[in-house]
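Q: One-letter residues, chain by chain:
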Amino acid sequence: MEKQSDLLLDIQHLHTAYRLHGKFYDAADDINITLKRDEILSVVGESGCGKSTIAASIIGLYDHKNTKVTGDILYNELNLVGLNEALFNKIRGNKIGMIFQDPLASLNPLMRVGDQVAETLYYHTDMNEKARHERVIELFNQVGMPKPEEMYSMYPHELSGGLRQRVVIAMAVACKPEIIIADEPTTALDVTIQAQILDLLEDIQKQSHSGIILITHDLGVVAETADEVAVMYGGQIVEKADVKTIFSHPLHPYTRSLLNSMPQSDDESEDLHVIQGTVPSLQNMPRTGDRFAPRIPWIPESDHEENPTMHEVEPGHWVRCICWKTFHFQDQDAAVSGE
Amino acid sequence: MWKTILRRFLVMIPQIIILSFLVFVLAKMMPGDPFSGQINPNTDPKQLAALKQAAGLNDPIPVQYGRWVGNLFRGDLGTSYIQHVPVVSLIADRAVNTFWLSLLSTIITYAISIPMGITAGRHQDEWQDQAVEIFNYVTYAVPPFVFYILAIWLFGFTLGWFPISGSVSANASGFWGVIGSQFYHMLLPAILTALVTTTGIVQYLRTGIVDNKVEDYVRTAHSKGVPENVVFNKHILRNSLLPIASNFGTVITGLLSGSMIIESVFSYPGMGKLFLDSISQRDYTTLTALILIFGILTLLGNLLSDIIMSIVDPRIRIK
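Protein sequence lines, in the order shown, are assigned to chains A and B.
Residue numbering for the first sequence follows the working numbering, beginning at 1 and increasing consecutively.
Residue numbering for the second sequence follows the working numbering, beginning at 1001 and increasing consecutively.
Where hints are given, some of them may not hold.
Claimed, not checked - Pairs of lysine-lysine, DSS-like flavour, derived with a Cα cap of 25 Å: (1) Lys1028(B) to Lys1046(B); (2) Lys325(A) to Lys244(A); (3) Lys1234(B) to Lys65(A); (4) Lys1028(B) to Lys1052(B); (5) Lys23(A) to Lys68(A); (6) Lys95(A) to Lys206(A); (7) Lys176(A) to Lys36(A); (8) Lys130(A) to Lys147(A); (9) Lys90(A) to Lys36(A); (10) Lys95(A) to Lys130(A); (11) Lys23(A) to Lys65(A); (12) Lys1213(B) to Lys23(A); (13) Lys1213(B) to Lys65(A); (14) Lys90(A) to Lys1234(B); (15) Lys36(A) to Lys95(A); (16) Lys90(A) to Lys1213(B); (17) Lys68(A) to Lys95(A); (18) Lys1234(B) to Lys95(A); (19) Lys90(A) to Lys65(A); (20) Lys130(A) to Lys1234(B); (21) Lys206(A) to Lys36(A); (22) Lys244(A) to Lys36(A); (23) Lys90(A) to Lys130(A); (24) Lys68(A) to Lys1213(B).
Think of the hints as simulated: they come from the structure by calculation, not from any bench.
Only a predicted model underlies this, so the values are computations on that prediction, with no experimental measurement involved.
Hey, can you work out the whole structure from these sequences and the hints?
A: Given below as structure tokens:
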């Protein structure tokens, strides 16, 4: 499984806390992940689990007054946590490219899309205007946009959703960044377009040998593209392994529940599995014990760790808490999916 | 973009026709006629009837309307029955005064409100924002005439910094002397008008900035490594100025129609004061002409707003 090992990003003990009514609450709690060259790391979880918080922390885009970030985000020995803005602006868009969820909202409605891509080049290269224009056309070709010359002078509202996302991708990869963070890049798109965009991301990665952090709630996307997977619940990573292991031997109750709630095309008779309860809000999140425990109440409290930590059960396969050893589905004991 | 403007212009034609019809009918529906109240009660009713006949007031309404519109096209707005001069010349003098006063107050309005709106939006909820908020509350809540009278008392009467009535002083001489005197007369009313007009613009701009700051495209700009200042000026500010641009036409119209209150308080011979005087003197011809002009100005103001919008916002252009 080990690929050409070249560490791009080393995140250690990352805590990101937001201020709510005067108190700080950890939205990302003790995150430890690494990203290697040529790797797609997928961070997966429900809305509000803290996956986008990780992206915002890496690229340093959060409300500095109401957010507290501690821990280390090491990029080439450079700690991005607390890095000054001027230096950070040399990295953003240049070494780290970011792709967002809603391509229409992500583009400035008053600027021609070509100019928006060229803006990245303006701040990170010494190309002149003509060279930037040519590079944008080249990028538009690369991301598969028809008639790139015409597209250059279009405004975001004149393009389709798929084309807009291609523009956003062109913007993110304009400076050939080593790290690409894609935050739900296909969520706002049609299913048919989703596959094209994912293929495009993989193509770009193959050419540039960058590392991609793919944030998604869509397990289908994970299965199709990811190399490594980190499953998040309540601000914590609950299970971390390579994609094969996650889908074939999921251990943590949350991962198993998540996989069980995926519709399977081959058994139409079965009702879809539903995880009981809802994700607690940031303020109501239990701060001690297993955070998922309230949603699997049939597992006795004694089966959980008091302060669950990550255990390496197999090389490269990490699981939080020991409750996975006794976990079973309440109604369908044997129906553990996976194989 | 030319298509948008042309289409928008064509829409204005029926609007003006309807407007002229309404103005005419309203004038006809008003009680009395130009002669009532103006003529010695001992006048022979026959003579009065002859006068009415001569003025064409006995013709059928459509004929009168046709004649009125025909005259309009020849630039004839009728003759004031009170002042006994053509309405056109009456309005022309006042319009020039109002135009310069409006221009000056528009410039002052934007010169004050845009920096204030930017400061408030940029420093949302900080002391700068709160200071602007207090200014807004005061200028918006206190009735304008209270300001005007206070200002006349303080700056005109007590301190003697500004003249408090008229548009030019009688002893001004020479080209630059007259211009200087006119400017001096305009200054205080223009500043005061500006102060009470700023509120809306400041609030639009502040809200625009506060809303746009958290938009996704701003995050995108940051993620490209664009420096904070550039993100603000190039991305946030441009989008926040859209409502200001669309408001511009309306502001211009409002100012060109003249402020009845400021012109009356300062006895400034402009359109607003003429309008008020015409009402109190029952000068129907002048009144009708003014209402028509104000109506057309409003339509032109809206047209101007739309043209500005189609220039600054690519989303509303017609292909």
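Q: Please go over all the hints and tell whether each is borne out by the structure.
A: Evaluation of the provided hints:
Among the hinted pairs, Lys1028(B) with Lys1046(B) is consistent with the structure: their alpha-carbon atoms are about 22 Å apart, no more than 25 Å. Restraint check for Lys325(A) and Lys244(A): satisfied, since their Cα atoms lie roughly 20 Å apart, inside the 25 Å limit. With a CA separation close to 23 Å, the supplied pair Lys1234(B) and Lys65(A) stays within the 25 Å bound. The hinted pair formed by Lys1028(B) and Lys1052(B) meets the criterion: a straight-line CA distance of about 14 Å does not exceed 25 Å.
Distance check on the hinted pair: Lys23(A) and Lys68(A) sit about 11 Å apart at the alpha-carbon level, within 25 Å; holds. Among the hinted pairs, Lys95(A) with Lys206(A) is consistent with the structure: their alpha-carbon atoms are about 17 Å apart, no more than 25 Å. For the proposed pair Lys176(A) and Lys36(A), the alpha carbon gap of about 16 Å is at most 25 Å, so the pair holds. Between the alpha carbons of Lys130(A) and Lys147(A) the distance comes to roughly 18 Å, so the proposed pair stays at or under 25 Å and holds.
Taking the CA atoms of Lys90(A) and Lys36(A), the gap is near 21 Å; set against the 25 Å cutoff, the hint holds. The straight-line distance between the Cα atoms of Lys95(A) and Lys130(A) is roughly 23 Å, inside the 25 Å bound, and the hint therefore holds. About 13 Å separates the Cα atoms of Lys23(A) and Lys65(A), which keeps this hinted pair within 25 Å; it holds. This hinted pair checks out: Lys1213(B) and Lys23(A) have alpha carbons roughly 24 Å apart, not beyond 25 Å.
Distance hint between Lys1213(B) and Lys65(A) is fulfilled; the C-alpha atoms sit about 15 Å from each other, no more than 25 Å. Taking the CA atoms of Lys90(A) and Lys1234(B), the gap is about 19 Å. The hint holds against a cut of 25 Å. Between Lys36(A) and Lys95(A) the alpha-carbon distance is near 14 Å, which keeps this suggested pair within the 25 Å criterion. A hinted pair counts as satisfied when its Cα atoms are at most 25 Å apart, and Lys90(A) with Lys1213(B) qualifies at roughly 22 Å.
Distance check on the hinted pair: Lys68(A) and Lys95(A) sit about 24 Å apart at the alpha-carbon level, within 25 Å; holds. Restraint check: the Cα-Cα separation between Lys1234(B) and Lys95(A) comes to about 23 Å, which is no more than 25 Å; the hinted pair holds. With a CA separation close to 22 Å, the supplied pair Lys90(A) and Lys65(A) stays within the 25 Å bound. Restraint check for Lys130(A) and Lys1234(B): satisfied, since their Cα atoms lie roughly 21 Å apart, inside the 25 Å limit.
The hinted pair formed by Lys206(A) and Lys36(A) meets the criterion: a straight-line CA distance of about 13 Å does not exceed 25 Å. About 18 Å separates the Cα atoms of Lys244(A) and Lys36(A), which keeps this hinted pair within 25 Å; it holds. Restraint check for Lys90(A) and Lys130(A): satisfied, since their Cα atoms lie roughly 22 Å apart, inside the 25 Å limit. The straight-line distance between the Cα atoms of Lys68(A) and Lys1213(B) is roughly 20 Å, inside the 25 Å bound, and the hint therefore holds.
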